[in-house]
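S.K.: Using our numbering, the first residue of the sequence shown is number 4, and each one after it goes up by one.
Hint data in this document are derived by calculation from the structure and do not stem from the laboratory. Mixed in with the good hints, there may be bad ones.
To be verified - DSS-like, lysine-lysine: derived pairs with alpha carbons at most 27 Å apart:
#1 Lys265 with Lys73
#2 Lys241 with Lys181
#3 Lys20 with Lys73
#4 Lys265 with Lys20
#5 Lys150 with Lys67
#6 Lys67 with Lys265
#7 Lys241 with Lys328
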Amino acid sequence: MAHSPHTSAREIIAEIKGQSLVLPDLWHYMPAEDWPVSLNPDITRLREHVRERLQWMIGRIPSKQQGLRKVEAQDLGRFGAGWWPYADYERMETCTDLCTWLFIWDDEIDEAGGEFNSDYEHAQRCREDIMHFVRAMLDLPPYRIVKTSFRPILETSRDVWQRLCMDMTLHERRNLAKEVRIYLEMVGYEQGLRVDQSLPTLEEYWRLRMATSAVKVVTATLLYACKVQLPAEVQDSKLLDDVYEAGNGVTSIMNDLLSVQKELVAGASSSNILFVLYAETGSLQGALERALGLLAQCSAEYDVCTARLYRAYQDRPEIVEALGKLVTGCRYMCTGNLAWSLATTRYGVIAEHDGTVEISL
Numbered sequence: 004m005a006h007s008p009h010t011s012a013r014e015i016i017a018e019i020k021g022q023s024l025v026l027p028d029l030w031h032y033m034p035a036e037d038w039p040v041s042l043n044p045d046i047t048r049l050r051e052h053v054r055e056r057l058q059w060m061i062g063r064i065p066s067k068q069q070g071l072r073k074v075e076a077q078d079l080g081r082f083g084a085g086w087w088p089y090a091d092y093e094r095m096e097t098c099t100d101l102c103t104w105l106f107i108w109d110d111e112i113d114e115a116g117g118e119f120n121s122d123y124e125h126a127q128r129c130r131e132d133i134m135h136f137v138r139a140m141l142d143l144p145p146y147r148i149v150k151t152s153f154r155p156i157l158e159t160s161r162d163v164w165q166r167l168c169m170d171m172t173l174h175e176r177r178n179l180a181k182e183v184r185i186y187l188e189m190v191g192y193e194q195g196l197r198v199d200q201s202l203p204t205l206e207e208y209w210r211l212r213m214a215t216s217a218v219k220v221v222t223a224t225l226l227y228a229c230k231v232q233l234p235a236e237v238q239d240s241k242l243l244d245d246v247y248e249a250g251n252g253v254t255s256i257m258n259d260l261l262s263v264q265k266e267l268v269a270g271a272s273s274s275n276i277l278f279v280l281y282a283e284t285g286s287l288q289g290a291l292e293r294a295l296g297l298l299a300q301c302s303a304e305y306d307v308c309t310a311r312l313y314r315a316y317q318d319r320p321e322i323v324e325a326l327g328k329l330v331t332g333c334r335y336m337c338t339g340n341l342a343w344s345l346a347t348t349r350y351g352v353i354a355e356h357d358g359t360v361e362i363s364l
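All chains, full assembly: derive it from the sequences and hints.
M.R.: Shown next as structure tokens:
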């Protein structure tokens, strides 16, 4: 049966547990002729770097050893090489380090054993510290100095923000800080729902997920990764943001589908579109079909938004050339994420020969 908005997440989890679902081949939603897949030739070097960096983090924060070793086993070197196959090594490394930190922070919020999982006030103070720290590292006053001796996970990201600050323009840094702020605000709102064991409506979920996926934080570094320069008014264009939003939708929905078992175990029901749609449809299969419909819509919208973007600047070929790199870079983020998700231990899923994935809940 369907449930009313803001129904108890416990009810939904209890109903879903023990069921199973079969995901179709998700590559069908990103046709190869439009959605390239590749790996950066420096993947071996990146894998070694990620391993060494996580070992360094374990040495700095031994109390987090178990969680960090789980992240180490998830092959984030493969993740970075697929997301930025075109980038030079140093910039790919920096972007991968940023995402590694985001994964670690996400687990601290979502995982049952995470430092901030059930303590909203503690997590909120940390979110405030993160924002001030990021602004300080990106040289964006005003900010207050954060005592990172109390925030060791945050301190391990210091060099990442410093590297970004060194090679990003002031406008790019402001946009990055804006996306980090939105991400943190929505993570806080989402955590409040989880602590209250409430499910958002689909409209609320969509607004939340577009921020809490952190995809927009990463797209804010695309100019840096691609070594592309654009006028501020083009960077801030709604047409470009529409492209990013569509790509965000593709990546976020696919991630929700593949991570549903992980999030069910963690009780992170407000984070997953299947739980939200189950509350509306009363059926796991019905929820899956609706989610796949939204995925197809986002994929198609990406092409529509891209064409609209190019038309707007067709009289400025140098702008179109630069935008083309961003559009392709965003596509690589989507395909790289799916390829990694099907290979990593993070979600524990295995694709069959026909591309389908069976998940037992």
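S.K.: All hints, please: hold or fail.
M.R.: Quick rundown of the hints versus the structure:
1. Lys265 with Lys73: holds, 13 Å
2. Lys241 with Lys181: The given pair, whose Cα atoms are some 15 Å apart, holds under the 27 Å limit.
3. Lys20 with Lys73: holds, 24 Å
4. Lys265 with Lys20: Distance of about 12 Å is within 27 Å: holds.
5. Lys150 with Lys67: Satisfied, since the Cα-Cα distance of roughly 19 Å is no more than 27 Å.
6. Lys67 with Lys265: Distance ~19 Å between Lys67 and Lys265 Cα, so the pair holds.
7. Lys241 with Lys328: Holds: Lys241 and Lys328 sit about 18 Å apart, inside 27 Å.
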